[in-house]
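A.B. asks: The residues making up each chain are set out below.
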Amino acid sequence: MSFVSTQDISWAVDGVPIVQDVSLGIEAGEFIGLVGPNGSGKSTLLRTIYRVLKPTGGAVFIDGNEVWKTDAREVARQCAVVTQERASDFEFTVEEVVIMGRIPHKGMLDADTKADHEIVRRSLAEMHILDFAHRSFSSLSGGEKQRVLMARALAQQARFLVLDEPTNHLDIRHQLDLLERVRRLKVTTLAALHDLNLAAQYCHRIIVMRAGRIVASGAPREVLQPDLLREVYGVEAEINADRSGRLRIDFSYLGA
Amino acid sequence: MSAGAATSPALGQWHASRLAFSTVVVLMGIGLFVTITLAVAIGPVQIPFTRVWQIAFAQITGQDGDWSLAQSNIVWHLRFPRVLLGGIVGAGLAAVGVSMQAVVRNPLADPYILGISSGAAVGAVLVLSFGVLAFAGAYAISIAAFAGSLLTFLAVFTLARIGGQFSTGRLILSGVACAYVLSGVTSFITLTSDKDELARSVMSWMLGSVAGADWLDLSVPALVLLAGTAYLLLCARPLNALLMGEETAATLGVDVVRFRRRLFLVMSLLTGVMVAVSGAIGFVGLVVPHIARMLVGTDHRRVLPVAVLFGAIFLIWVDVGARMIIAPSELPVGVITSLLGGPFFIWLLATTRRKGVGNA
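In order, the protein sequences belong to chains A and B. So in the working numbering, spot 148 of the first sequence is number 157, and the numbers just go up one at a time. So in the working numbering, spot 73 of the second sequence is number 135, and the numbers just go up one at a time.
Keep in mind the hints are simulated off the structure, nothing from the lab.
The following residues of chain A were derived to be distant from chain B, with all beta-carbon distances above 10 Å:
1) G66
2) G227
3) L237
The calculated lysine to any residue pairs, modelled on SDA-like cross-linking and capped at a C-alpha distance of 20 Å, are:
4) A/K115 x B/D317
5) A/K115 x B/E308
6) A/K115 x B/V318
7) A/K154 x B/R167
Cβ coordinates follow ideal geometry from the N, Cα and C atoms, glycine included.
With the sequences and hints as input, model every part of the structure.
C.D. replies: Quick look at the structure:
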């Protein structure tokens with residue numbers, strides 16, 4: 010059995026199916042990119058996996074445990090999530106945000122220990138933001154905030170990482186920076202990504218969704234084909250591989 | 063950037079612009095002691111500061127001292143219960159304010175603004191006029207006020223969620239609407255009642271007052287305050303997580319639905335019991351948490367104790383003002399908290415808008 014898998018996951022709202030019979034498997038250490046046009050159900054699928062949206066059908070397994078039959082705390086120790094950051098009126102320091110990653114490991118009466126602070130320090134260091142520790146989270150730029158949220162996910166010490174469009178609103182340098190860091194972690198990762206070039210560059214495997222279903226899955230160069238992109242996105246694509254084997258996709262508009 | 067690792071201060075230290083938590087708590091503790099002493103000493107009959115505690119000590123140990131019975135009565139039976147009740151109510155409302163703001167992720171929430179206090183007042187007035195819950199004896203008012211605040215809580219939140227996304231704007235509007243309706247209900251019950259005294263006691267409920275407090279009035283609110291604050295402190299981590307958003311809290315292992323349900327119960331209990339003894343005192347739950355956050359930051363492990371201590375100090379002084387401003391007459395404390403809190407609310411509204419994150 011794969012490290013993470015879903016079996017026939019479905020989710021519908023008011024009878025309208027958003028995700029339909031999605032089955033996928035992720036091996037330990039893989040970095041999987043989930044791509045597809047807006048409204049294809051990527052975020053919904055991710056939310057059923059990280060135990061926020063209860064699927065109307067099917068099951069999710071992480072490391073052998075069925076997610077929706079495991080309590081939230083236990084799942085939070087196995088699976089860490091980074092989504093896009095929402096504005097808040099409250100001022101936490103970066104350190105306070107990152108130590109929240111320890112919440113699933115803490116009982117009501119437990120104090121933060123030296124070990125917790127050491128984990129926070131290592132997580133900040135891993136994301137190269139150790140010197141941000143005492144800054145106000147809300148004063149940071151978008152890219153810096155994303156790195157803080159990544160550090161929080163690391164402090165959770167989960168073996169599975171879910172990222173929902175983590176590079177949205179980031180400039181290209183910070184997009185590359187974030188994905189580069191995620192790849193170096195070598196943690197099993199499932200990331201919804203918008204940018205196909207980035208997905209091709211960083212992911213071991215790509216899963217393509219359309220209208221709530223998986224339409225393709227495999228290595229980037231197998232999956233990202235002009236026919237598929239025309240069918241899924243309605244665009245014309247020219248795909249080239251450079252000498253190092255890196256894919257480059259150029260798009261052109263097909264018209265309405 | 064990684065070079066900063068060697069020079070950055072050790073983790074676990076507080077933010078540089080914030081005061082050390084322990085310093086703030088010690089100062090607040092001393093402040094509360096001084097506040098209680100002064101508040102008991104100040105009044106139409108001035109009592110020397112040392113005498114305040116001599117009389118208290120003598121009363122507790124059952125001894126006599128070289129002071130008049132009148133002095134002893136004023137200190138022990140009139141002023142002490144009133145001052146302590148003011149402190150308990152202020153602390154309780156501050157604790158409710160802190161947790162309510164975490165639940166709705168907005169610093170503008172307060173039991174008074176969201177109509178919860180008005181709901182508690184309706185429960186209390188029902189007991190006074192119709193003798194509802196008579197079997198519960200002396201606790202009837204507290205129980206009815208608790209039920210009133212819990213029902214209002216549910217009504218306000220349901221209203222704010224109707225027709226799509228929950229927003230703070232909708233929440234405040236539905237709170238204000240509920241407060242109007244409930245004030246109308248309170249007035250209606252009062253005006254159609256044939257009990258003449260009711261009108262006056264209801265008036266004090268709607269304006270808020272800790273005058274005429276008795277030692278017997280203190281036990282229930284004190285217990286509820288201790289238990290409620292202890293529970294909230296134990297939930298400080300999930301409260302922190304909630305401020306990052308419900309979805310984030312869920313991914314950090316917080317069972318948000320169940321946790322929120324429990325918080326509603328605790329907040330309703332605190333609000334109901336405080337309103338039962340003091341009426342609807344507004345804005346304490348808004349002003350105090352904000353100042354506490356400015357002192358020690360947002361982490362609930364630090365905000366809650368500081369807000370509770372400061373809430374007590376704040377309301378005791380407001381009550382001293384209520385006694386002194388137009389002495390020998392008295393103002394209801396709620397009048398002064400509204401005069402202070404209303405402009406504070408507007409200021410908060412203006413500053414959060416400017417940051418462009420006024421709606422969650």
